[in-house]
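Asker: Respectively, the protein sequence lines represent chains A and B.
Counting from 1, one number per residue, gives the positions in the first sequence under my numbering.
Counting from 1, one number per residue, gives the positions in the second sequence under my numbering.
It is worth saying that the hints were derived from the structure and are not from the lab.
Don't take each hint at face value.
[What the hints assert, rightly or not] Calculated Cβ distances over 10 Å to all of chain B for the following chain A residues:
{"hint": "1", "residue": "Q6"}
{"hint": "2", "residue": "M13"}
{"hint": "3", "residue": "K40"}
{"hint": "4", "residue": "P43"}
{"hint": "5", "residue": "R63"}
{"hint": "6", "residue": "P66"}
{"hint": "7", "residue": "D85"}
{"hint": "8", "residue": "L90"}
{"hint": "9", "residue": "T98"}
{"hint": "10", "residue": "T103"}
{"hint": "11", "residue": "F104"}
{"hint": "12", "residue": "S106"}
{"hint": "13", "residue": "G107"}
{"hint": "14", "residue": "V113"}
[To be verified] Below, a list of computed lysine-lysine pairs in the DSSO-like style, where the Cα atoms sit at most 27 Å apart:
{"hint": "15", "chain 1": "B", "residue 1": "K108", "chain 2": "A", "residue 2": "K9"}
{"hint": "16", "chain 1": "A", "residue 1": "K53", "chain 2": "A", "residue 2": "K22"}
{"hint": "17", "chain 1": "A", "residue 1": "K40", "chain 2": "B", "residue 2": "K100"}
{"hint": "18", "chain 1": "A", "residue 1": "K22", "chain 2": "B", "residue 2": "K100"}
{"hint": "19", "chain 1": "A", "residue 1": "K9", "chain 2": "B", "residue 2": "K69"}
{"hint": "20", "chain 1": "B", "residue 1": "K100", "chain 2": "A", "residue 2": "K41"}
{"hint": "21", "chain 1": "B", "residue 1": "K69", "chain 2": "B", "residue 2": "K100"}
{"hint": "22", "chain 1": "A", "residue 1": "K41", "chain 2": "B", "residue 2": "K108"}
{"hint": "23", "chain 1": "B", "residue 1": "K108", "chain 2": "A", "residue 2": "K36"}
{"hint": "24", "chain 1": "B", "residue 1": "K69", "chain 2": "A", "residue 2": "K38"}
{"hint": "25", "chain 1": "B", "residue 1": "K100", "chain 2": "A", "residue 2": "K53"}
{"hint": "26", "chain 1": "A", "residue 1": "K36", "chain 2": "B", "residue 2": "K100"}
{"hint": "27", "chain 1": "A", "residue 1": "K38", "chain 2": "B", "residue 2": "K100"}
{"hint": "28", "chain 1": "B", "residue 1": "K69", "chain 2": "A", "residue 2": "K22"}
{"hint": "29", "chain 1": "A", "residue 1": "K9", "chain 2": "A", "residue 2": "K36"}
These numbers were taken from a predicted model, which means no experiment stands behind them.
Don't be surprised by glycine CBs; every beta carbon is placed ideally from N, CA and C.
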Amino acid sequence: DTEVTQTPKHLVMGMTNKKSLKCEQHMGHRAMYWYKQKAKKPPELMFVYSYEKLSINESVPSRFSPECPNSSLLNLHLHALQPEDSALYLCASSQVGTAYGYTFGSGTRLTVV
Amino acid sequence: AQSVTQLGSHVSVSEGALVLLRCNYSSSVPPYLFWYVQYPNQGLQLLLKYTSAATLVKGINGFEAEFKKSETSFHLTKPSAHMRDAAEYFCAVSSGGYQKVTFGTGTKLQVIP
């Protein structure tokens with residue numbers, strides 16, 4: 001299995017809603033990532049988990065809350081988002097270390113209304 | 001600190017022509033360099049990576065890139081463009097032991113029939 005699976009593919013939520021994005025991989029990767037990508041822009045790093053522990057938080061607002069329940073799963077909990085949070089949210093995984101490329105999921109297209 | 005600069009946000013080539021996408025990097029330590037491709041409404045896919053083993057790196061879909069330390073460059077090439085190569089291409093760098101990749105701003109490749 002060489003895929004990263006993200007669900008849902010599309011999500012529309014109101015500013016008072018609580019929702020979660022899910023990411024799953026079965027490649028034995030011990031590093032997992034959340035990226036945010038706005039239209040016509042490169043991905044922006046949000047969070048990095050190494051060995052199921054949060055290792056990097058790029059000063060992301062607290063309305064985004066990551067969780068890594070085990071080595072295969074990564075969640076992103078969303079609460080009280082703003083319309084400017086609308087974007088493509090990408091999950092990725094890799095082996096731990098800087099020499100390894102990432103395997104990306106196809107993303108969740110989030111629209112905040 | 002690490003960064004990459006992609007020269008040209010849009011590149012147009014005729015089908016069958018040479019593809020050349022430019023990337024220059026900045027890193028205070030030896031870098032690891034990557035090229036990713038993103039098709040519309042999809043995640044990123046790793047094309048190739050440089051990890052100091054060989055300066056000429058071959059990747060998927062007929063792409064290759066050459067690491068030139070003296071020019072701090074890692075340009076992506078393909079001898080003959082195909083319509084299916086039309087996509088957004090991102091150069092990326094990681095270095096210094098950080099579990100973090102920095103992406104360039106991207107180059108949109110258009111292939112003209």
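Asker: Now look at each hint and say whether the structure bears it out.
Answerer: Hints versus structure:
1. Q6: Violated, since 8 Å does not exceed 10 Å.
2. M13: 19 Å, holds
3. K40: 8 Å, violated
4. P43: 6 Å, violated
5. R63: 22 Å, holds
6. P66: The claim holds: A:P66 sits with its nearest Cβ about 14 Å from chain B, beyond 10 Å.
7. D85: 18 Å, holds
8. L90: 5 Å, violated
9. T98: Since the minimum Cβ distance to chain B is about 4 Å, A:T98 lies within 10 Å and the statement is violated.
10. T103: 7 Å, violated
11. F104: About 4 Å separates A:F104 from the closest Cβ of chain B, which leaves it inside 10 Å; violated.
12. S106: 5 Å, violated
13. G107: 5 Å, violated
14. V113: Its Cβ never comes within 10 Å of chain B, the nearest being 20 Å, so this holds.
15. B:K108 / A:K9: With Cα atoms ~23 Å apart, B:K108 and A:K9 stay inside 27 Å; holds.
16. A:K53 / A:K22: Answer holds: A:K53 to A:K22 is near 17 Å, not above 27 Å.
17. A:K40 / B:K100: 21 Å, holds
18. A:K22 / B:K100: 21 Å, holds
19. A:K9 / B:K69: 40 Å, violated
20. B:K100 / A:K41: Holds: B:K100 and A:K41 sit about 18 Å apart, inside 27 Å.
21. B:K69 / B:K100: Roughly 21 Å between the alpha carbons, so the hint for B:K69 and B:K100 holds.
22. A:K41 / B:K108: 11 Å, holds
23. B:K108 / A:K36: Judged against 27 Å, a Cα distance of about 19 Å means the pair holds.
24. B:K69 / A:K38: At roughly 32 Å apart (the allowed maximum being 27 Å), A:K38 and B:K69 break the hint.
25. B:K100 / A:K53: The hint holds at about 15 Å.
26. A:K36 / B:K100: Given that 27 Å is the threshold and the Cα spacing comes to 14 Å, the pair holds.
27. A:K38 / B:K100: This hinted pair holds, its Cα atoms lying about 19 Å apart.
28. B:K69 / A:K22: 40 Å, violated
29. A:K9 / A:K36: 14 Å, holds
Hint compliance for this structure: hints 1, 3, 4, 8, 9, 10, 11, 12, 13, 19, 24 and 28 are not met, and every other hint is.
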